[in-house]
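Engineer: Given next are the chains, with one letter for each unit.
Number of protein chains: 2
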Amino acid sequence: MKIGVLGTGMVGEAIGTKLLELGHEVKLGSRSAGNEKALAWVKKNPVYADFASQGTFAEAGAFGMMVFNCVMGRASLDVLTAIGADNLKGKILIDISNPLDFSRGMPPSLLVCNTDSLGEQIQRAFPEAKVVKTLNTMTANLMVNPALLAEDHTVFVSGNDAEAKTTVTALLKEGFGWKSVIDLGDISTARGTEMVLPLWVSLMGKLQTPLFNFKIVM
Amino acid sequence: MKIGVLGTGMVGEAIGTKLLELGHEVKLGSRSAGNEKALAWVKKNPVYADFASQGTFAEAGAFGMMVFNCVMGRASLDVLTAIGADNLKGKILIDISNPLDFSRGMPPSLLVCNTDSLGEQIQRAFPEAKVVKTLNTMTANLMVNPALLAEDHTVFVSGNDAEAKTTVTALLKEGFGWKSVIDLGDISTARGTEMVLPLWVSLMGKLQTPLFNFKIVM
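Protein chains in written order, with my numbering: chain A, 33 to 250; chain B, 33 to 250.
Some hints could be false.
Pairs involving identical chains hold if they fit within one copy or between any two copies, as the list cannot separate such chains.
As the list claims (entries may be wrong) - Computed list of lysine-lysine pairs in DSSO-like fashion (alpha-carbon distance at most 27 Å, straight line):
| # | residue 1 | residue 2 |
| --- | --- | --- |
| 1 | LYS205 | LYS247 |
| 2 | LYS76 | LYS247 |
| 3 | LYS238 | LYS34 |
| 4 | LYS238 | LYS205 |
| 5 | LYS123 | LYS50 |
| 6 | LYS75 | LYS121 |
| 7 | LYS69 | LYS238 |
No lab work stands behind these hints: they were computed from the structure.
Looking at chain A on its own, in the form it has when it is part of the complex:
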């Protein structure tokens, strides 16, 4: 499948590379075509030369039948607006971003929370996209390689479109290797996963590694 991946940070690179390995065609999007990190990513994957490309956010959004939002939370709405509602219409838009606010220093607070979430803001701004919030509660390497940890752990899924969540869950399980995927409900449940970030940040400081995750034990 043709997939657009927005963002050239750790998350965008990890997701993009994993999707190539799974046989997808991936266009990595950034603010301007020819972005240094995006070009480096394309070059790093010579075996997938015909399947890896880069371009502007708008080009990556138009290219993908499915789109991964891997840009910073505070930039997400602007980036998606640059892509335009027509380019996202009817597509699954997987939102991995978190609305972290570093403007007050460390630890970050959230730009939106409690009675709203970035996932909901994106769904409201692009009502014809099928927004699925997932993977935003762990570090990039774990998203595409959950087996890095010693035992199973959990990834959450939120979204209004049941079929889209089924597709994303299949990709998470069969593609990325997740065993425990919990569908929390509609996109408003993204509040819960975004609001986990302050605990995640404290834990990273305490454990001195980002290589950990939450597991739901019953």
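Use these hints to put chain B onto chain A, whose structure you have.
Structural biologist: Just chain B, lined up with the frame of chain A:
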């Protein structure tokens, strides 16, 4: 040890009973002395007749060398104010409450979050109490009986006083049976554990039971 437990709900009862079983003297506090639920709790524990008592919040607060706050988040500051700073001075105040706001219906939002927390509000209001936030991320039965779940899971501790956290951690481990206790840092890290509540509420709806918890996997 003489311990005051504030609140006659599920949390107060569970904590109070467990403390009796551990050999402590417990006074269960409520708004008015002779509260029906508090009297019922005393009667339910005839074997500990000499160790279980009830009274007003102020009486329970004055009684305890250590105090557990198990009242609802929105009532916590008022209840502690009724007890008075002098009655809390120098004492460990274990805060289990969450600032849940049900006034907008279900699911609840939080009365305070992101750049502040109820734990911090309590510490600021009672600077000479040693506030330790803990146990607020799970249902009451699990707080005092973590072995109810099939495998180990995690409880978090936040507070400014290292010695108080050491005392509380020992009680959690040796008294309540916890194996995994993570000290997140100072009381500001209570933001993280209080902000987990929206995810917890979604999970309870999805899993159809409150008998689950978070485990940190590395």
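Engineer: Would you mind marking each hint as holding or not holding in the structure?
Structural biologist: Status of each hint after checking the structure:
no. : hint               : result
1   : LYS205 with LYS247 : both (16 Å within a copy, 21 Å between copies)
2   : LYS76 with LYS247  : neither (33 Å within a copy, 36 Å between copies)
3   : LYS238 with LYS34  : neither (40 Å within a copy, 33 Å between copies)
4   : LYS238 with LYS205 : between (30 Å within a copy, 19 Å between copies)
5   : LYS123 with LYS50  : within (20 Å within a copy, 53 Å between copies)
6   : LYS75 with LYS121  : neither (31 Å within a copy, 64 Å between copies)
7   : LYS69 with LYS238  : neither (31 Å within a copy, 40 Å between copies)
Hint compliance for this structure: hints 2, 3, 6 and 7 are not met, and every other hint is.
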